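If you read the sequences in order, they're chains Z and F. Each number in the working numbering corresponds to the 1-based position in the first sequence with 65 added. Each number in the working numbering corresponds to the 1-based position in the second sequence with 65 added.
Honestly, the hints are just simulated from the structure, not real lab data. Predicted model, so just to flag it, every value in this text is computed and none were measured. Check each hint, because a few of them may be wrong.
It does not matter which identical chain is meant; a pair holds if it fits inside one copy or across any two.
Said to hold, decoys possible - Distance condition first, Cα-Cα at most 35 Å in a straight line; then the derived DSBU-like pairs of lysine-lysine:
no.: 1; residue 1: 257; residue 2: 403
no.: 2; residue 1: 276; residue 2: 367
no.: 3; residue 1: 276; residue 2: 257
Listed below are the residues making up each chain.
Number of protein chains: 2
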Amino acid sequence: MAAMHLVASDPLEAMTAGIFEAAGTPADLAAEVARHLVSANLAGHDSHGVIRIPAYLQQIESGRLAADGRPVVVHETAATAIVDANRGFGQVGAAHALQVAIGKASSAGAGVVSIRRCGHIGRLGHYAETAAAQGFISMIVYGNMGPGTGLTAPFGGARRHLGTNPWSFGVPSGETQPVVVDFATTVVAEGKVQVARAKHAELQPGQIVDKDGHPSTNPEDLYAGGMLLPAAGHKGYGLSLVASLLGAGLTAEEVPDNGVGAGVVVMAIDPRAFGALETFTATIDNLSAGVEAVAPAPGFEKVLLPGGPEAASRASRRANGVPIAPDTWDVISGAAAKLGVAVAPLLA
Amino acid sequence: MAAMHLVASDPLEAMTAGIFEAAGTPADLAAEVARHLVSANLAGHDSHGVIRIPAYLQQIESGRLAADGRPVVVHETAATAIVDANRGFGQVGAAHALQVAIGKASSAGAGVVSIRRCGHIGRLGHYAETAAAQGFISMIVYGNMGPGTGLTAPFGGARRHLGTNPWSFGVPSGETQPVVVDFATTVVAEGKVQVARAKHAELQPGQIVDKDGHPSTNPEDLYAGGMLLPAAGHKGYGLSLVASLLGAGLTAEEVPDNGVGAGVVVMAIDPRAFGALETFTATIDNLSAGVEAVAPAPGFEKVLLPGGPEAASRASRRANGVPIAPDTWDVISGAAAKLGVAVAPLLA
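The task is simple: from the sequences and hints, build the whole structure.
Below you can see the structure in the form of structure tokens.
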């Protein structure tokens, strides 16, 4: 593998925003998308970072993604709302929905917001981190389902029917880092199967099945019609199903007749509705410190809080720059140059 | 194993209510606990059914459980509340909290309710079923944590620190059965390790570790200071942690100084806040039917919706009676006789 380039996060974010502005996105929305993508790189989740720029540009060109789509609240009650993302950037729709949910939580104690006509919302943990930084508990869930949808079989099934249908939760804290949980409901991400395939390596048992539903450890089987398995069997399947039923059910305008549905649901809870914020955050601090103090198992250095690896990556990459593979960089910087946007300088 | 006794569910419920009334529980609360326990038996979850009667009687005798503890709302906003269960039956506290959450959801669109000073709340799926039958989406979570708490190690840890910290979700439907998800965040329930130990059988790898955190398949190791592992590693750990942080954080009156916390959180969402109920339930029906139509994997008869096995068990046991092991029956019927309560007749 060629050595990675290093780019400082601020110029990378400015370049990313510039690219989307040049492609027709209003400045405030472009800034939101750029902030989200570079924040995913900073957190160490490069699969949800600037590597997505070319695909988004292509979706704008094909008309699938409305570069200037601005989310609006189309229906609301004291503690709920429906946001229509108007086929715009998912990061913009979800960031808006989160602030609507936080507004509801501020006034009513809790807020549940669904999002219609929304592009790819990126890394779910981003919203949980944002809510925690504002002092709110959050839950973010995205689900899609239907015959041939995604790469995942339902528990006991032998057909692709579910997306990776991730869940994320954020809990604000005082002095310890906020707890941010963010996971796909499959055993492994498809990206890891790709990596094993490229290396001609075997997978661990229990991660995939072949096209007929037989257990397999051969990554090729996934790409020959095979399926990812839900994490922890019926448990991950249950979470995946609830994600897509809520996503589809709370955004439905018409009843589907083909078993296909998808959507996003964002929830916020104000700890202040349950007592003093300081009591809540100090309780989280004490309990979190207790978990971190648990003696590690053989092979582990220490017990980590969910969100800990991301916080460590953020500190390191802010200081040292974001690593980007040369071929990815060529595509992104090429797109910037073509659109007349200043290319961020390389640190290395 | 001796043949199981069979008892019709209605007389079993009457006998159970009679026992708790005789032990000092007001009639309405005793009826709630009895309904919950027998409903767990009907659903096929005998570990959360009438087998618990002797332990509850013992807790009443020792003063740990207040037989007449009646839950009250001690604080509320438009979409949230805190219920104090007054050290009464958890089933009573949680049933009350669920109705408070449903009331909030009816008026504000969503409701989040935490429960303080609450006994064992039994089978979480019971509340999700109840909410779904009333037309509400629900989430129920219980968590406890702290040094030496429960049998579960945090991911990467080698000490007992977490309970089984279960999650449950319910989604109402129209003509298909409601989807009810209910699972512990450990790979296996402790009861299954007990069964393997009694049979001198090996466990599957990945379910437990020994007292030093080394992988083990010997059930004896769990009882020699070993630990259950979280389901799907860091994913189950994340859910377990969020369960206990929310449970403790949203019920805290004082900040703990020892890393110990616990509590229950119940949430309800009114689908009507997002559109016509018929659109929601027909969408769920269509998506659920689509999942059930997926071709089964080898070794499976069909793809089941979560909650399906419980519905099948309920139909069968209502018709044929609830099976109860003779030694369990001896203890329960003995307690009834001692308290002057009529013993339900055996069907077999």
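Hint by hint, here is what the structure shows:
Taking the closest pair of Cα atoms, residue 257 and residue 403 come within 35 Å of each other only inside a single copy of the chain (32 Å); across copies the shortest separation is 62 Å, beyond that limit. Taking identical chains as interchangeable, the C-alpha atoms of residue 276 and residue 367 lie at most 35 Å apart only when they sit on different chains, with a minimum of 17 Å there against 40 Å within one chain. Taking the shortest Cα distances, residue 276 and residue 257 sit within 35 Å of each other both inside one copy (19 Å) and across copies (32 Å).
Violated hints: none; the structure is consistent with every hint.
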